[in-house]
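Asker: Residue numbers (this note's numbering), protein chains in the order written: chain E, 325 to 572; chain C, 5 to 237; chain Z, 612 to 779.
Honestly, I wouldn't trust all of these hints.
Stated by the list, open to error - Cut-off 25 Å, straight-line C-alpha distance, at most; resulting in silico cross-link-like pairs (BS3-like, lysine-lysine): (1) Z:Lys767 x Z:Lys734; (2) Z:Lys772 x Z:Lys734; (3) Z:Lys767 x Z:Lys741; (4) Z:Lys720 x Z:Lys767; (5) C:Lys135 x E:Lys557; (6) E:Lys419 x C:Lys92.
If you are wondering where the hints come from, they were derived from the structure by calculation, not from laboratory data. Since the structure is predicted, the reported quantities are computational estimates derived from the model, not experimental observations.
Residues per chain are reported as follows:
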Amino acid sequence: MTTEAILNRLRATRAWRSIFRRGPARTNRTRSLAIFGNVFLHLLPVKVREQSLRVRATYYLGTISFFMFVVLTLTGILLMFYYHPAVPQAYLDMKDLRFVVSNGVFLRNMHRVAAHIMVIAVFWHMFHVFYRGGYRPPHEFNWAIGVVLLLLTLLLSYTGYLLPWDQLAFWAITVGTNILSSAPIAGPQLRYLLLGGNVVDENALLRFYVLHCVILPLLAALLIGVHFWRIRKDGGLTVGESNERDKQ
Amino acid sequence: MSETNNKFEAGIESNALQAPQRVVFITPKTSAQVKEKADRQLMSYPHLMLRELIAFEVLTGVLVIVALVWDAPLEQLANPLLTPNPAKAPWYFLGLQELLHYFPPLVAGIIIPGLVVLALVVIPYFNVNIKGEPLWAADRSRRFLILIVSVGLLLIFLGLYRAWTVLVPTVAIAGLTIVSFLRLKRPYRLITFLQTRPLSWWVMTWFIAVALTLTVVGTFFRGPGWSWVWPWR
Amino acid sequence: MTDAVATAISERPEGSEREGIGRRDFLNEVAAGAFGIAGLGALVVTYQYLLPNALFEPSMNFRAGTPDLYPLDSVTYMPDQQVYIVRTGDGFYAVSAICTHLGCNTQWKPEVNLIACPCHGSKFQRDGTKIEGPAPRSLPHFAITLTPDGELLVDKLEVIKAGQPLRV
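Sequences are here, hints too, so could you generate the full structure?
Answerer: Okay, here's the thing in structure tokens:
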């Protein structure tokens with residue numbers, strides 16, 4: 325029996341059909357259902373304009389940003405299995421990851437590289453959307469959401485930077501929070517809130533850990549969802565022939 | 005054909021079966037140009053999904069290769085008593101840190117980033133950005149005067165604070181803007197391109213030039229005590 | 612010579628002209644295969660990663676001092692290790708103090724000469740043999756040996772059959 329025959333037999337079983345309802349995606353109806361009937365994918369539109377699929381149109385920068393976020397989440401979750409947000413255990417865990425844990429070095433490198441690429445990608449994405457006029461009505465609010473997502477990306481990167489608890493991390497965050505305290509009126513209070521104290525110590529590490537692993541990723545995920553939704557509801561990506569005149 | 009109100013009296017047979025005709029009623033302020041064709045649409049599954057999958061595979065491949073070759077740094081254990089020299093922020097904040105070299109923390113760390121974020125958010129709410137007409141499309145002399153005065157003031161301000169890293173790219177972009185204003189006999193393609201650029205393009209390009217310069221200087225040209233170093237030394 | 616070739620060509624099996632997989636399907640299969648291998652590789656890497664190579668748990672073998680620290684017919688509970696060092700006329704046993712029912716720490720009751728589990732009432736003799744209770748088995752014995760410098764060494768990773776005392 326060929327693989328295809330076996331697969332077809334499998335697909336015909338009741339068990340399979342109770343999970344995957346639509347059948348093979350060979351008609352436009354079943355292709356629509358592949359998107360529309362999928363809880364994860366139905367955020368996306370069922371049809372897209374051909375122009376928006378061209379690489380030159382967007383360089384897939386938004387896609388790159390999103391996928392980097394996904395990779396960071398997955399590698400980050402795995403890294404959490406060996407990381408204790410305590411002083412100095414955090415640093416020892418970094419050594420552990422590097423020398424003892426199987427593939428620890430590789431996973432940490434992936435996380436770091438993806439973080440750098442994500443920061444570059446979101447900046448580039450913003451500039452590219454600007455230069456092709458993608459902020460024009462009715463997309464103004466989505467542009468604002470994008471700016472907030474940029475800030476979240478930078479904050480995620482910043483909170484993550486402290487976690488290794490090495491000299492690089494400690495002093496980068498010390499400098500950053502000192503800048504924060506120079507904000508008018510609320511500056512010192514904000515710094516106190518962020519650090520959970522007056523100095524960068526165990527409390528700060530724990531707060532940054534919670535921010536980095538729970539609060540900021542959840543916010544980012546929510547806003548990414550809104551961002552995709554708004555693109556779809558406002559008529560798709562602002563690329564293509566009918567938008568040629570919009571180009572800056 | 006009546007023009008001002010929407011009551012149309014065409015004066016032709018209205019029985020579609022007897023006299024099938026297509027008629028276009030053009031109201032005022034409407035372009036008579038009809039869009040040639042609506043953009044072709046494709047099913048997200050498979051076309052978009054397949055491309056996203058390919059993008060994901062390519063990205064994963066790149067990530068894996070770089071992760072195998074390059075190691076994330078790990079310095080010594082954090083020591084609150086020993087400040088490294090220089091103590092540098094992550095690269096995406098180095099531009100800000102370079103700016104801190106010239107301006108007090110309140111300005112460089114809070115006010116300027118705050119203004120930048122605000123400026124970004126309000127871009128879509130200004131008509132001049134929506135229309136996007138070239139900077140020199142109208143009011144040439146007046147706009148040029150405004151440009152010279154504002155850039156001049158900015159340069160004086162930057163010079164007073166000795167903020168060379170900001171000053172140099174500002175001069176460069178201002179130079180380009182002036183070139184785009186000039187009515188040259190046989191300009192290069194680049195110059196023709198610049199002549200069509202709207203104000204928002206110039207502002208954003210200036211911003212990117214300054215941000216890039218600040219970041220590059222902060223990354224490669226700053227050593228101990230934030231002193232100037234040549235990276236090849 | 613050409614005849615043989617001509618015959619060979621004309622005798623090509625039926626349907627082999629357009630047989631074989633088409634280019635599109637071939638590329639699809641290669642792509643799917645590559646994706647599958649990459650995915651499998653990712654799973655293997657993740658699985659390897661998740662199994663720790665170094666544990667920071669207390670050591671599973673320990674020294675229990677010299678034999679003369681233990682009087683004849685005594686049962687000594689080692690609280691850090693959860694092991695009873697039992698000395699009988701035959702020699703030494705190292706009996707696990709962890710109840711075989713659900714893992715509670717048992718207690719040696721000298722007044723009634725048995726080991727009792729406080730959780731569900733299992734009772735064992737001093738050599739670990741189960742007397743009564745919901746526990747399914749007797750308490751296991753650990754390998755106990757004598758080091759060259761005369762100390763008792765218990766290895767909790769090595770379970771031995773009951774009835775093999777260390778004769779000293």
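Asker: All hints are to be evaluated individually against the structure, with a verdict given for each.
Answerer: Each hint, compared with the structure:
no.	hint	in the structure
1	Z:Lys767 x Z:Lys734	holds, 22 Å
2	Z:Lys772 x Z:Lys734	holds, 19 Å
3	Z:Lys767 x Z:Lys741	holds, 20 Å
4	Z:Lys720 x Z:Lys767	holds, 23 Å
5	C:Lys135 x E:Lys557	holds, 23 Å
6	E:Lys419 x C:Lys92	holds, 22 Å
The structure fails none of the hints (numbered hints given earlier).
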